[in-house]
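2 protein chains.
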Amino acid sequence: MSAIPGYRFGDPSLPQPTVDGSGLAQLQAALLMTEADIRLLRDAAAIMDPHIEELLDTWYAFVGSQPALLASFSTPSGPDAAYLGAVRTRFAQWVRDTLRANFDDDWLAYQDEIGRRHAGAKNQTDGVRGAPEVVPLRYLIALIYPIFTTVRPILARGARDDAHLDQMHHAWLKAVILSVSLWAGAYTRPEWF
Amino acid sequence: MSAIPGYRFGDPSLPQPTVDGSGLAQLQAALLMTEADIRLLRDAAAIMDPHIEELLDTWYAFVGSQPALLASFSTPSGPDAAYLGAVRTRFAQWVRDTLRANFDDDWLAYQDEIGRRHAGAKNQTDGVRGAPEVVPLRYLIALIYPIFTTVRPILARGARDDAHLDQMHHAWLKAVILSVSLWAGAYTRPEWF
Chain Z
1 MSAIPGYRFG
11 DPSLPQPTVD
21 GSGLAQLQAA
31 LLMTEADIRL
41 LRDAAAIMDP
51 HIEELLDTWY
61 AFVGSQPALL
71 ASFSTPSGPD
81 AAYLGAVRTR
91 FAQWVRDTLR
101 ANFDDDWLAY
111 QDEIGRRHAG
121 AKNQTDGVRG
131 APEVVPLRYL
141 IALIYPIFTT
151 VRPILARGAR
161 DDAHLDQMHH
171 AWLKAVILSV
181 SLWAGAYTRP
191 EWF
Chain B
1001 MSAIPGYRFG
1011 DPSLPQPTVD
1021 GSGLAQLQAA
1031 LLMTEADIRL
1041 LRDAAAIMDP
1051 HIEELLDTWY
1061 AFVGSQPALL
1071 ASFSTPSGPD
1081 AAYLGAVRTR
1091 FAQWVRDTLR
1101 ANFDDDWLAY
1111 QDEIGRRHAG
1121 AKNQTDGVRG
1131 APEVVPLRYL
1141 IALIYPIFTT
1151 VRPILARGAR
1161 DDAHLDQMHH
1171 AWLKAVILSV
1181 SLWAGAYTRP
1191 EWF
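Those protein sequence lines, which keep their order, are chains Z and B. Numbering-wise, the first sequence is residues 1 to 193 according to this note's numbering. Numbering-wise, the second sequence is residues 1001 to 1193 according to this note's numbering.
Check before you lean on any hint, since a few could be wrong.
Said to hold, decoys possible - EDC-like mimics (lysine to aspartate or glutamate), calculated; alpha carbons at most 20 Å apart, straight line:
(1) Z:Lys122 to Z:Asp80
(2) B:Lys1122 to Z:Glu191
(3) B:Lys1122 to B:Asp1080
(4) Z:Lys122 to B:Glu1191
(5) Z:Lys122 to Z:Asp112
(6) Z:Lys122 to Z:Glu133
Hints are computed from structural coordinates only; laboratory data are not their basis.
If we strip away everything but chain Z, and leave its shape as in the complex, we get:
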């Protein structure tokens, strides 16, 4: 884990999470996330683990194909390969962490940190200069769909049957939406979050 530059899951020096356990339970209820979904995420973890780099290849090809997305990783000199690479290692770890999340305070505190790194604290972790100051909120939300749909072919390789595939896929969608809903807190005033 410590081999991933800028990875701070479990770092006790992170600020206290914005949402506490009770607030998280309310948010999970709002998106119909149950204990069954958490078991399904564990099933998905076992299937997806050997294929995370393939998934990141897909996502990076997608981002690279769309100038409006690639812009977040670009400086006036063009796409910043070092920046893209540093984010990629943490992005892969986010997949693993999401599939195994126990949704405790360490998890919540790191979601806040991920949110800040898309908003006002973008570029700081990797010491990037000249890239846009934020990932636009509209794209943070829009990317829920590609992050959701692209995992299905991988889940299909290990699903017991079509119902299991659908259930794992929906559990993943809920987990992605939950992540984005927490990350969005860095974009608005606290009392509007």
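With chain Z fixed as given, assemble chain B onto it according to the hints.
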């Protein structure tokens, strides 16, 4: 249409949309929305039209069952039935409009207006006093999931086959995510949107 209090789709006195046609095309590309999805939304419109009130019954029962969601419609005296009712008529019309959206400037301007009505301009349309000042951004995003999953049994009534059902259901998910991504603009500073 004019029978729906506060409904302003197409009202030329709304502010110019935040996102222009080119920005919308980039956002649609980010969530993989294509012309095929728009045709699928039209298929879904024909199937869902007779069942919109049933869908709203489901959604309102869901909101009513969760204090954290019902709070947005409540004053110190409890849930505000008139407010809930007024929002419901526009919510139903939003479903119809989304399924038939042509994504022009009128559509964009009204998405901005819907965003404002969840954020800083909440309560104004219906003259509500004493309800919370905003719908929290975290819930605006989290509700993507229930708004997505609950339409499936209705779509199943008219789908040609399972593939058509899946395709319509995904087109609806994209349209919901697109709506929320635009509404979120009212929660953040313009340069972060």
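Okay, the hints, checked on the actual structure:
1. Using a Cα cut-off of 20 Å, the hinted pair Lys122 (chain Z) and Asp80 (chain Z) holds, with the two alpha carbons roughly 14 Å apart.
2. Restraint check for Lys1122 (chain B) and Glu191 (chain Z): satisfied, since their Cα atoms lie roughly 14 Å apart, inside the 20 Å limit.
3. As the CA atoms of Lys1122 (chain B) and Asp1080 (chain B) are separated by approximately 14 Å, the hinted pair is consistent with the 20 Å bound.
4. Pair hint Lys122 (chain Z) plus Glu1191 (chain B) holds up; C-alpha atoms about 14 Å apart against a cutoff of 20 Å.
5. Distance hint between Lys122 (chain Z) and Asp112 (chain Z) is fulfilled; the C-alpha atoms sit about 13 Å from each other, no more than 20 Å.
6. About 6 Å separates the Cα atoms of Lys122 (chain Z) and Glu133 (chain Z), which keeps this hinted pair within 20 Å; it holds.
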